[in-house]
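**Q** Chains as they are written, first to last, in UniProt numbering: chain A, 1 to 541; chain B, 1 to 464.
Derived from the structure by calculation, the hints contain no laboratory data. A few of these clues could be false.
Partial selection, computed: residues in chain B whose CB lies under 10 Å from chain A [what the hints assert, rightly or not]:
1. Tyr-307
2. Leu-319
3. Pro-382
4. Leu-389
Straight-line Cα separation of at most 30 Å, DSBU-like style, residue types lysine-lysine; simulated pairs [as the list claims (entries may be wrong)]:
5. A/Lys-106 <-> B/Lys-315
6. B/Lys-58 <-> B/Lys-326
7. B/Lys-212 <-> A/Lys-161
8. A/Lys-106 <-> B/Lys-227
Sample of chain A residues lacking proximity to chain B, with all beta carbon distances greater than 10 Å (derived) [to be verified]:
9. Ile-69
10. Leu-84
11. Arg-105
12. His-107
13. Gln-115
14. Val-151
15. Pro-191
16. Ser-272
17. Leu-306
18. Tyr-339
19. Gly-383
20. Ser-384
21. His-427
Beta carbons are placed, not taken as given, at the ideal position from N, Cα and C, and that holds for glycine.
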Amino acid sequence: MLRVARCYSLARTKVAHNYSTIFRPEYALKCGLEIHTQLSTRNKLFSQSTNSSTPLVDVPNRHTSFYDIALPGTQPVLNLEAILFAMKLSLALNSQVNSVSQFDRKHYFYGDQPQGYQVTQHYRPFARGGKINLSKELDGIDESSKDISIVQLQIEQDTGKSHYTDADKDVITLVDLNRSNVPLIELVTNPDFNDIKQVRAFIKKYQNLVRHLHISSGDLETGAMRVDVNLSINGFARVELKNLPNTSSIINAIKYEYQRQVELISRGETSSLMEPETRGWTGSSTVKLRSKETTIDYRYMPDPELPYINLAPDVMSRVKESMPQLPDDMMRMLMKKPYQLSLKDAKILTYNSNQNDMYNHKVLRSYYLETFQEFFKLVGEQGSAKLPTNWIIHEFLGDLNKLHVPLIKAQEILPPIVFAEFLKLLHAETISPTSGKLLLFHILETFQRSNCRDRSIPDFPKLIREFELHAIDQVDSQELVSLCSDIIAQHTDDTFIRNLTSGKKRTSLKFLIGQGMRRSQGRIKASEFEKKFKEILDIQW
Amino acid sequence: MPLKRSLKQSLERLSSLQSRYNIFTSVSPSPYTLSNKEEISKELAGYAVSIKDNIVTKDLPTTCASHILENYKSPYDATVVKLLKQAGVHILGKTNLDEFGMGSGGIHSIRGPVINPLYPHEEKRIMGGSSSGAAASVACDLVDFALGTDTGGSVRLPACYGSVLGFKPSYGRLSRFGVIAYSQSLDTVGILSKKIDILRKVFLVLDKYDAKDPTSLNEELRGLIEKNKKIKKTWKIGIVKEFNHEGLPKQFHESYFTFLKKLVSLGHEIYPVSIPSVKNSLPIYYTLSPAEAASNLSRYDGIRYGYRDSKLDIKDGILFAPTRSKFGVEVKNRIILGNYNLCSDGFKNNFIKAERLRVDLVDEFDKIFRFPNVLTNAEENPKGLDVLLVPTSSKLPGTLKEFEEDESKSPANSYINDIFTVPMSLAGLPSLSMPLKERTPIGLQIVGQYGDDNTVLDFVESVS
Numbered sequence: 001m002l003r004v005a006r007c008y009s010l011a012r013t014k015v016a017h018n019y020s021t022i023f024r025p026e027y028a029l030k031c032g033l034e035i036h037t038q039l040s041t042r043n044k045l046f047s048q049s050t051n052s053s054t055p056l057v058d059v060p061n062r063h064t065s066f067y068d069i070a071l072p073g074t075q076p077v078l079n080l081e082a083i084l085f086a087m088k089l090s091l092a093l094n095s096q097v098n099s100v101s102q103f104d105r106k107h108y109f110y111g112d113q114p115q116g117y118q119v120t121q122h123y124r125p126f127a128r129g130g131k132i133n134l135s136k137e138l139d140g141i142d143e144s145s146k147d148i149s150i151v152q153l154q155i156e157q158d159t160g161k162s163h164y165t166d167a168d169k170d171v172i173t174l175v176d177l178n179r180s181n182v183p184l185i186e187l188v189t190n191p192d193f194n195d196i197k198q199v200r201a202f203i204k205k206y207q208n209l210v211r212h213l214h215i216s217s218g219d220l221e222t223g224a225m226r227v228d229v230n231l232s233i234n235g236f237a238r239v240e241l242k243n244l245p246n247t248s249s250i251i252n253a254i255k256y257e258y259q260r261q262v263e264l265i266s267r268g269e270t271s272s273l274m275e276p277e278t279r280g281w282t283g284s285s286t287v288k289l290r291s292k293e294t295t296i297d298y299r300y301m302p303d304p305e306l307p308y309i310n311l312a313p314d315v316m317s318r319v320k321e322s323m324p325q326l327p328d329d330m331m332r333m334l335m336k337k338p339y340q341l342s343l344k345d346a347k348i349l350t351y352n353s354n355q356n357d358m359y360n361h362k363v364l365r366s367y368y369l370e371t372f373q374e375f376f377k378l379v380g381e382q383g384s385a386k387l388p389t390n391w392i393i394h395e396f397l398g399d400l401n402k403l404h405v406p407l408i409k410a411q412e413i414l415p416p417i418v419f420a421e422f423l424k425l426l427h428a429e430t431i432s433p434t435s436g437k438l439l440l441f442h443i444l445e446t447f448q449r450s451n452c453r454d455r456s457i458p459d460f461p462k463l464i465r466e467f468e469l470h471a472i473d474q475v476d477s478q479e480l481v482s483l484c485s486d487i488i489a490q491h492t493d494d495t496f497i498r499n500l501t502s503g504k505k506r507t508s509l510k511f512l513i514g515q516g517m518r519r520s521q522g523r524i525k526a527s528e529f530e531k532k533f534k535e536i537l538d539i540q541w
Numbered sequence: 001m002p003l004k005r006s007l008k009q010s011l012e013r014l015s016s017l018q019s020r021y022n023i024f025t026s027v028s029p030s031p032y033t034l035s036n037k038e039e040i041s042k043e044l045a046g047y048a049v050s051i052k053d054n055i056v057t058k059d060l061p062t063t064c065a066s067h068i069l070e071n072y073k074s075p076y077d078a079t080v081v082k083l084l085k086q087a088g089v090h091i092l093g094k095t096n097l098d099e100f101g102m103g104s105g106g107i108h109s110i111r112g113p114v115i116n117p118l119y120p121h122e123e124k125r126i127m128g129g130s131s132s133g134a135a136a137s138v139a140c141d142l143v144d145f146a147l148g149t150d151t152g153g154s155v156r157l158p159a160c161y162g163s164v165l166g167f168k169p170s171y172g173r174l175s176r177f178g179v180i181a182y183s184q185s186l187d188t189v190g191i192l193s194k195k196i197d198i199l200r201k202v203f204l205v206l207d208k209y210d211a212k213d214p215t216s217l218n219e220e221l222r223g224l225i226e227k228n229k230k231i232k233k234t235w236k237i238g239i240v241k242e243f244n245h246e247g248l249p250k251q252f253h254e255s256y257f258t259f260l261k262k263l264v265s266l267g268h269e270i271y272p273v274s275i276p277s278v279k280n281s282l283p284i285y286y287t288l289s290p291a292e293a294a295s296n297l298s299r300y301d302g303i304r305y306g307y308r309d310s311k312l313d314i315k316d317g318i319l320f321a322p323t324r325s326k327f328g329v330e331v332k333n334r335i336i337l338g339n340y341n342l343c344s345d346g347f348k349n350n351f352i353k354a355e356r357l358r359v360d361l362v363d364e365f366d367k368i369f370r371f372p373n374v375l376t377n378a379e380e381n382p383k384g385l386d387v388l389l390v391p392t393s394s395k396l397p398g399t400l401k402e403f404e405e406d407e408s409k410s411p412a413n414s415y416i417n418d419i420f421t422v423p424m425s426l427a428g429l430p431s432l433s434m435p436l437k438e439r440t441p442i443g444l445q446i447v448g449q450y451g452d453d454n455t456v457l458d459f460v461e462s463v464s
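Given the sequences, and given the hints that come with them, work out the whole structure.
**A** Right, here's the structure in full:
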């Protein structure tokens, strides 16, 4: 790494502070967010260097071109992919894209700022306006619906990174320029937030949106998404909170700062709240970084060599056509008829959780929707929407996770049309749910044992015969009586029977039925067992 | 054909000329000889050239005559250098200049001032800047041509003072990739030579679109210019009222009238013309160019390359102040002026206003030329002019002493030297300064409409 001798980081004092989080109506919170999002373009914003979004595994300063390190004579060449990504985000947020926008230089010196300025959009940003809607239904906020309006979106360069180290008493700064010139979108909201739940919901929603659009990893942990907060209480000056590396820091910093200002206001010590200031988060408290007097003048200047971004009239409409369905619309579609998914299940199909290696939400969603369609083609209107939902989202995914079989592989032996056949067996009660579970697991386990190489489509009738999984419609009465008696003898005593027959502990019947289901491997219906147990034990309730 | 002298002769003369006129910042260590036939058949085979030391080269250091870039060696060649190498030239060396191209005297260099070779036996006189070494290398016949850069007159003024041709093409025709930025909305690579045919040949080699330069004129507009091109035998020539000719030296007037008479006798038509915005040129120029300079020079912090203070990166809370204090005084003046122009309080009144006035100036130029401006889409004016004639300098080259004294009274004194050259820089127009008399430092600019470089070259060729 480049060594910048002599540390020039800001001194930070850590102040431990206990705080309770009581939001009081007489102290009205007003809050806005400023979100920087790294775009996952192939190359950097103004050079051909690789835009590497995995900073932790990379060698410092590997992804740097002559331009990125600001060698004399180098020039910026705009990466149009970044413009495309910005258009997608603007469309998703309903922002008004300016037909002409421009790049400006923001000047300040820093070791990880090789040009001595950052190229951003100050005078004519890429897009203005737009909003994100939060709702009780989808986002769990207290209000039934709340719009967070957006001021503007601007495209800009990221800076490099400084690492401060103590080496042999001499404090030095190491500079890594891999991040320098990575494209960012800065989004600024209006101060529309008045509750912390809204902030949390917005961040989650925005994060899901950029992932959904495939324009950013949206990860706070890696710095691909960075959130600054501005906040004011009862109309006092705005305080900006910085250095908030994850959602819990964001939430805790707001809580802390709210509490701090409430205390000052309630004590009448408001002199420090008259001028805007910038505060950092130490992990336990907010500390002043700079106030208005120490703010530097960025001396914004239109970049003299980068061309204006002039969008052709038909560009926006063409990008619009290529846009995927947006998450909220998709959620609402999935929660309505005919699917009627729960919020939780709809989320599984809509959002990229980045947490499961066995499937991604997009493959799963199309698998679900296709199977759903095929299933209803087979069974007509009589079918229950719950069947595909439960069997795909819960049973099938559960098996895949257990067996470590990726969905994309499992689809080879169980394409939607075959899974629909399987669901038809359950719908027609050809096999019981218990047998269905055994069958599905067996099929997937066999597939897994072949290292996912045996791609023959399962022959359901043959397997059902082989394992005798047919549901028994005509139960042999003698057999049933002896099975039930056997269970009673094995699992009960006098007290048990007394409590059951008297109705004092009715759940015991469920236990007995469960035993019966287990012994018959689910081939005899629960209702048959219930009838027979009641008969044998003479249960009147 | 290259000038009739061998490279060997050039190199032999070089060291004594260098010690007298301080032309080069570095010289190629080994003479280069053409060996195979392929090399000899190239467009510029055998031509010797010098490169201004603010254009990056892999083989020689690039210092901008600044302490800040002392011993800096670029890992890549500028596009114009690459094109010249491909065309078979031999680069003799890098030429001295006013630090980062800032100056009109050729005196603001850590390597000391360039001395005008037109006055070998008198008190030392200035070469004019900032492409001072470039002009001197041509004037001394050390090279067939030189590459310089012109931001507000930096090729044309020293060409005038050295009595050689100095051509600033239309902005964007020659790639700036690898040209160290002073003020890139104005910076233009220029060509200096004694021979118009050589100059034209070099222009043809360099006049190419470069995807690495975002301000390079694109292929579409180049095609449009080609389509608009007209071959003419006689031209409509304009003389601009607003350029005050009265203060010009007597010597200039004599040669100028002789020249005008010659033009009339050749059948050309001469018209007076008014461009009122010309009077705003210097304020516009000295608002915009220092602002861009202050911004462009922000990168010199010593961390990644160039000079770095051996002890401190920060002083009195100001980052990189110890390193950056090593800029020369003229560069510092312009950084301060530029930052002042960009301060949030004055930005609207200074920078934005200057940008607006610059557009007005371009509009006025568009109205008087016949050739349509492909950048502004201005309507063609069939009755318009083909070229303008504008003196290159209001003065003859003064002695070093006079120049330094003038400048120490007020830095603005040297800024006034740019009055005749700056308007064409602001409008990006092609402008060629040609000597009106042999071995005499009086020059006249032939100015064409944006993109009409061809007419300018045709004109000079026809009167040479």
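**Q** Run every hint past the structure and note whether it holds.
**A** Status of the hints after comparison with the structure:
no. : hint                    : result
1   : Tyr-307                 : violated, 13 Å
2   : Leu-319                 : holds, 4 Å
3   : Pro-382                 : violated, 30 Å
4   : Leu-389                 : violated, 30 Å
5   : A/Lys-106 <-> B/Lys-315 : holds, 22 Å
6   : B/Lys-58 <-> B/Lys-326  : holds, 25 Å
7   : B/Lys-212 <-> A/Lys-161 : holds, 27 Å
8   : A/Lys-106 <-> B/Lys-227 : violated, 41 Å
9   : Ile-69                  : violated, 5 Å
10  : Leu-84                  : holds, 18 Å
11  : Arg-105                 : violated, 6 Å
12  : His-107                 : violated, 6 Å
13  : Gln-115                 : violated, 5 Å
14  : Val-151                 : holds, 19 Å
15  : Pro-191                 : holds, 23 Å
16  : Ser-272                 : holds, 23 Å
17  : Leu-306                 : violated, 6 Å
18  : Tyr-339                 : holds, 50 Å
19  : Gly-383                 : holds, 59 Å
20  : Ser-384                 : holds, 61 Å
21  : His-427                 : holds, 62 Å
The structure fails hints 1, 3, 4, 8, 9, 11, 12, 13 and 17 (numbered hints given earlier, in ascending order).
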